[in-house]
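*Asks:* Take a look at the letters that make up each chain.
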Amino acid sequence: MRFTLLALVAIALALIYSRTHWFAELQKKALDIVAPFYWLTDIPREIGEWGEKRLVSKEQLLQENQSLHTELLVQQHRVQQMAAVVAENTRLRQLLNSADKLENRVLVAELIGVAPNPMLHRVIINRGQDDGVYVGQPVVDASGLVGQVVEIGSTTSWVMLITDTSHALPVQINRNGSRLIAEGRGNLYQLALRHVPNNFDIQVGDLLVSSGLGKRFPSGYPVAVVESVKPNKSSPWAEVLAKPLAELNRNRHVLLVFEEAARVAPTGGLTPPTGEDTPAVASPVANPTTAKPSANSTATAASKMPTPKSEPGKTVVSPAKSAQAAKPATNAAPVKPSATTPSPKVAPPIPAPSPPQ
Amino acid sequence: MNISQSLFYGLVFTSVFCALLLAVAVIPLQYVWLRPEFVCLVLLYWTLYTPQHIGVGLAWLAGLLEDLAVGGVWGAHALALAVVALVAQIAYQRLCSYSIWQQCFWIFMLVGVHQLFANWLESLHGVGGPIGLVMLPTVISALCWPLLVMVLHQLRRHYHLQ
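Residue numbers (this note's numbering), protein chains in the order written: chain C, 22 to 378; chain V, 9 to 170.
In case anyone wonders, no lab produced these hints; they're calculated from the structure. Take the hints with a grain of salt, since some may be wrong.
What the hints assert, rightly or not - Partial selection, computed: residues in chain C whose CB lies under 8 Å from chain V:
hint, residue
1, L27
2, A31
3, A51
4, I54
5, Y59
6, N270
What the hints assert, rightly or not - Output of the computed footprint for chain V on chain C, the stretches with three or more beta carbons under 8 Å from beta carbons of chain V:
hint, region
7, 129-141
8, 178-187
Note that beta-carbon positions come from the ideal geometry of N, C-alpha and C, so glycine has one too.
Chain C on its own, in the form it takes in the complex:
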């Protein structure tokens, strides 16, 4: 009798879970309850990492420092060029009257666990509602798109990887801009492209970037590289497989992308920078203290998105810091051009809900 009742309750739970969204609120609480399990199982690895850090030799550190310095120099060089390119892009976009491009703010998160069910491509990260994370938020790593946040707790959240069988995202071929849908196959090293006609212009090695359609992922993030194209004569569609660029099985740190973002295109009474202006503010990242912003770029700094919580351990990076400085204004709200000191203009992240893709 007791067993029958419990079994029926379990089946009812499973049906409600898989067919409705009634548990959405409860799932948030459930994640808070079970997060300690993942924290605990992560401890041995953390101890190992800590030990590794302590036992590294001075020579190794010096060597690493040296290589990082070199890398930084190279990146700074690229950023300097970026600033000019972004400014130029902004002007060209204005000429074309095209939509404003969005800048993205990111938050570094650490992976603390992986869903034990191999059919469920999900990872758990150490950022949650308290950090401003929202459901549907895109997650990227250093090399590509990782996935999106599907459940949030107060300090942790579940991220669904792009290779999960229930995940699909709109992409476009970087070479020619053709739009496609990349869906997960339950294999960490494979994405399938749907409905690619047999005579479609797609080649092995083509880079697929997120197209931004569907409004969940920002456009332009690298997603995958086409691995095989097999035309199928017995069907109208070719079988196309791609390899995700993000290190889905190896990444430890990921970036949460906040979509609310400052706007690139100038607004209000501000004029776009002329070609002569851009080199002057080309390297604020390289030397942020010496970059004395003009009235225009002050407005940029003032309207820069603040972090929801600026704790020392929680690094918030803006990848396009320098690019922003080259732009006249980054906020839709009119900013006083006469402002001389950057005043933090708080605009909380907008968790704009978008339809599932």
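Starting from the structure of chain C, add chain V where the hints point.
*Replies:* Just chain V now, kept in the frame of chain C:
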């Protein structure tokens, strides 16, 4: 509740907690299908050897907690563990009289039943695995059984629990 009873429940909860930790611990990708069903094994042990204390209700609760922890379909492991606990409760006299290797075979069957039920409810949500791979942990679990029985027997003897 006297002291030995609270010790007993303390041991049960600690073992289930450890099993849950092992169930969510990160393991390398190539071994991901080989993870034994720790929670199922621990609950089988307690229902077989102390059927007067541990039964369907507790197994159901542990299963629900496992569902929450693994982020799967709620109720899948709850149902599977309740079924297994029911069978174990009915057949404990017969199973406990078997030698450890004969028990292993029965554990193989019971964990198999657990996998079938859990996989059935998980496939409602589209996260059920291919049947060949889903049955792999069953073999590993059966092979882990003697070790688990040895460890838990030792612990019970150490705390003088019947």
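*Asks:* C:Y59 was flagged as interface toward chain V. Is the shortest Cβ-Cβ separation under 8 Å?
*Replies:* holds (6 Å)
*Asks:* At a Cβ distance under 8 Å, does chain V reach at least three residues of the region 129-141 of chain C?
*Replies:* holds (count 8)
*Asks:* Less than 8 Å between beta-carbons is the criterion; does C:A31 satisfy it with respect to chain V?
*Replies:* Status holds, d = 4 Å.
*Asks:* At a threshold of 8 Å, is the proposed contact between C:N270 and chain V supported by beta-carbon distances?
*Replies:* At about 6 Å, which falls below the 8 Å cut-off, the nearest Cβ of chain V leaves the hint on C:N270 intact, so it holds.
*Asks:* Holds or violated: is the Cβ of C:I54 closer than 8 Å to a Cβ in chain V?
*Replies:* Holds, about 6 Å.
*Asks:* Taking the closest Cβ pair, is C:L27 under 8 Å from chain V?
*Replies:* holds (5 Å)
*Asks:* Let me know if the C-beta of C:A51 comes in closer than 8 Å to any C-beta of chain V, holds or violated.
*Replies:* holds (5 Å)
*Asks:* Quick check: do three or more residues in the region 178-187 of chain C have a beta carbon closer than 8 Å to a beta carbon of chain V?
*Replies:* As far as the region 178-187 of chain C goes, the hint holds, because 3 residues have Cβ atoms under 8 Å from chain V.
This entry satisfies every hint, going by the numbered hints stated previously.
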